[in-house]
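Q: Below are the chains, spelled out letter by letter.
There are 2 protein chains.
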Amino acid sequence: MTQIKNDLFLRACKKEKIERTPIWVMRQAGRYLPEYRAVREKADFLTMCKTPELAAEVTLQPIDLIGVDAAIIFSDILVIPEAMGMTLEMHEGRGPVFPSPIRTENDANSLKNIDPTKDLKYVLDAVSLTKKELNGRVPLIGFSGSPWTLLTYMVEGGGSKNFSNVKKMIFNNPKLAHSILEKLSSAISVYLSAKIEAGANAVQIFDTWGGILSQDDYQEFSLQYVEKIIDNIKRVNEPVIYFPKGVHSNLEKVASCGADVLGLDWTMDLGKVRALVGDKVALQGNMDPTVLYGSEEVIKDRALKTMKSYGNGSGHIFNLGHGILPDVAPANLKTLVNFVKENSTQFHK
Amino acid sequence: MTQIKNDLFLRACKKEKIERTPIWVMRQAGRYLPEYRAVREKADFLTMCKTPELAAEVTLQPIDLIGVDAAIIFSDILVIPEAMGMTLEMHEGRGPVFPSPIRTENDANSLKNIDPTKDLKYVLDAVSLTKKELNGRVPLIGFSGSPWTLLTYMVEGGGSKNFSNVKKMIFNNPKLAHSILEKLSSAISVYLSAKIEAGANAVQIFDTWGGILSQDDYQEFSLQYVEKIIDNIKRVNEPVIYFPKGVHSNLEKVASCGADVLGLDWTMDLGKVRALVGDKVALQGNMDPTVLYGSEEVIKDRALKTMKSYGNGSGHIFNLGHGILPDVAPANLKTLVNFVKENSTQFHK
Numbered sequence: 001m002t003q004i005k006n007d008l009f010l011r012a013c014k015k016e017k018i019e020r021t022p023i024w025v026m027r028q029a030g031r032y033l034p035e036y037r038a039v040r041e042k043a044d045f046l047t048m049c050k051t052p053e054l055a056a057e058v059t060l061q062p063i064d065l066i067g068v069d070a071a072i073i074f075s076d077i078l079v080i081p082e083a084m085g086m087t088l089e090m091h092e093g094r095g096p097v098f099p100s101p102i103r104t105e106n107d108a109n110s111l112k113n114i115d116p117t118k119d120l121k122y123v124l125d126a127v128s129l130t131k132k133e134l135n136g137r138v139p140l141i142g143f144s145g146s147p148w149t150l151l152t153y154m155v156e157g158g159g160s161k162n163f164s165n166v167k168k169m170i171f172n173n174p175k176l177a178h179s180i181l182e183k184l185s186s187a188i189s190v191y192l193s194a195k196i197e198a199g200a201n202a203v204q205i206f207d208t209w210g211g212i213l214s215q216d217d218y219q220e221f222s223l224q225y226v227e228k229i230i231d232n233i234k235r236v237n238e239p240v241i242y243f244p245k246g247v248h249s250n251l252e253k254v255a256s257c258g259a260d261v262l263g264l265d266w267t268m269d270l271g272k273v274r275a276l277v278g279d280k281v282a283l284q285g286n287m288d289p290t291v292l293y294g295s296e297e298v299i300k301d302r303a304l305k306t307m308k309s310y311g312n313g314s315g316h317i318f319n320l321g322h323g324i325l326p327d328v329a330p331a332n333l334k335t336l337v338n339f340v341k342e343n344s345t346q347f348h349k
Numbered sequence: 001m002t003q004i005k006n007d008l009f010l011r012a013c014k015k016e017k018i019e020r021t022p023i024w025v026m027r028q029a030g031r032y033l034p035e036y037r038a039v040r041e042k043a044d045f046l047t048m049c050k051t052p053e054l055a056a057e058v059t060l061q062p063i064d065l066i067g068v069d070a071a072i073i074f075s076d077i078l079v080i081p082e083a084m085g086m087t088l089e090m091h092e093g094r095g096p097v098f099p100s101p102i103r104t105e106n107d108a109n110s111l112k113n114i115d116p117t118k119d120l121k122y123v124l125d126a127v128s129l130t131k132k133e134l135n136g137r138v139p140l141i142g143f144s145g146s147p148w149t150l151l152t153y154m155v156e157g158g159g160s161k162n163f164s165n166v167k168k169m170i171f172n173n174p175k176l177a178h179s180i181l182e183k184l185s186s187a188i189s190v191y192l193s194a195k196i197e198a199g200a201n202a203v204q205i206f207d208t209w210g211g212i213l214s215q216d217d218y219q220e221f222s223l224q225y226v227e228k229i230i231d232n233i234k235r236v237n238e239p240v241i242y243f244p245k246g247v248h249s250n251l252e253k254v255a256s257c258g259a260d261v262l263g264l265d266w267t268m269d270l271g272k273v274r275a276l277v278g279d280k281v282a283l284q285g286n287m288d289p290t291v292l293y294g295s296e297e298v299i300k301d302r303a304l305k306t307m308k309s310y311g312n313g314s315g316h317i318f319n320l321g322h323g324i325l326p327d328v329a330p331a332n333l334k335t336l337v338n339f340v341k342e343n344s345t346q347f348h349k
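Residue numbers (our numbering), protein chains in the order written: chain A, 1 to 349; chain B, 1 to 349.
This is chain A alone, in the form it adopts within the complex (with noise of 0.2 Å):
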């Protein structure tokens, strides 16, 4: 195994002393890059996540291009659905379509269980050929979607404003979401466990929909599961990171889950969030994402502002409280980026 050169990101998920705070942003490998952009006229977005060459093509761009501390690999979340049996098509502008929802009994019954080593081999072949391309520079992160997130996309068939279809099932037939749940918990933990096994150095979980659930909803349909995931995977060492994107109540019980690293939005403050759960975790995020619209005066503001609401000491990777947006500039992010390397030595006394 190569030894990691830069292993910041991994000691601070552990809450290790370290001499800067680490970085790494969402969505980096991605269209804010024109070097992505030339890889994506080539390729469609699907077929970029199931060409190995071409998603650790684009996962290494940051690494070299914008100097960020950890890789996340080039993938979506979505393909586990897909592995499962079901039709997905991505749409320009529009998102990703389900065109045969999940709403039945029968629609359930008809999603298989997954063998990520066959069923999702190019991504542990991505994972694979990133690593050995990465050579040791920065660790790599795989990731999957939370049940409760894929579950809306299964059941709205797509992005949704209201989720409508996803509420009338938990609401109507809890049954029937509590067993897809149950499905897709087993095909994560295996898929993220072989994302380990095939490289990855730490997992990332993205719970982009919990926060539209009421509390005890998103205990019963979302929490709970990943307690279960976290518990399932098979790991040495590698740290886990929850990102359950809006969602501002029972932190504390939220940073039970098992996780190393909770992942925070722009909306919560680190440091107050940091007093309320302790040790327990690290924390990661949370910058405004459009505060890369801004100018180098402003996000260097922004950015140490962030580092002060966390405070002293290690356990904060930096990062924005969501993806950065594709109209960002690259240059905009290397500030960013360059400033938390040279401004956070102070934080780490």
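Worth flagging that the hints you see were computed from the coordinates, not collected in a lab. Treat the hints with caution; some may be incorrect.
Pairwise CB distance ranges, derived in the manner of DEER restraints [said to hold, decoys possible]:
#, chain 1, residue 1, chain 2, residue 2, range
1, A, N173, B, L304, 19 to 29 Å
2, A, Q219, B, G313, 52 to 62 Å
3, A, R94, B, G313, 45 to 55 Å
4, A, N162, B, K272, 18 to 28 Å
5, B, L65, A, N162, 19 to 29 Å
6, B, D231, A, S256, 36 to 46 Å
Where a beta carbon is used, it is the ideal one built from N, C-alpha and C, also for glycine.
Got chain A; can you put chain B on it based on the hints?
A: Same frame as chain A, but now just chain B:
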């Protein structure tokens, strides 16, 4: 002045002792009602807003058909920017569009100060007419968007996913944003005062997009203007409701904004917020609107949970955590309203 026969809503706003919990729901005069759709077939949305007879007709529908404890005047938050000079279009299925959004100082300078008695006379006429036709059965609520929420539409040119343009403005030209927010605050203050003068018994400020801001930005670009407006509204005893949807932090501070009532969305816990803010404000909300997709049993179960969550004593106005959705069966809302009326007495002994 006509005496109001059912003044439960007004007394709950003031936390006075009452016999049962009052209930009304956001967007109760809306598309879920076949009687509303019948009116809507004869006139487009803005024509309905601008024709006092039609606005009054649909405002009264849920009073007659559903039996809610308050009426809310049928209108739209975007009539203010329109009155300030912006062209407003309502696109079926796509929502409101401002074809010429406000992005520059020049754009902002074109916004005129409004005199509601002239520029929004049709709203005031609708209020007076509705008031007359209500004949004191229940109180009438007037409303406005918050300055920040109006600004998002004015700068984005309509609804938005990432709010990129308005965020660019607050980060790159905060002075410009503040100057428009000032202008909006004055307009909203005189508008809500005029609505009260015309007969509104209470007013609600909708801050639908306060929750997309970080905590400091929310304070700077939204809350401080809401405080100013509440301070400026000319009223005798008419309560002010502030509904900062998606704002989860610093609720003690939010509760001190001067409003009599704080509206909460369904991701909040009524009981916890009550414990946090104490006697400062009454609370309005907050059942997940999608619960109305559920069976009678589910609706009753969740309604009881909502009331239990608030607990005993006055100061709770039952409402949904957001507007009722267009595809909800009116019978389901009626089930909710009747259940709350019949089963809330136990909390007021």
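Q: I'd like to know which numbered hints this structure contradicts. Please list them from smallest to largest.
A: Hint 2 alone not satisfied by this model.
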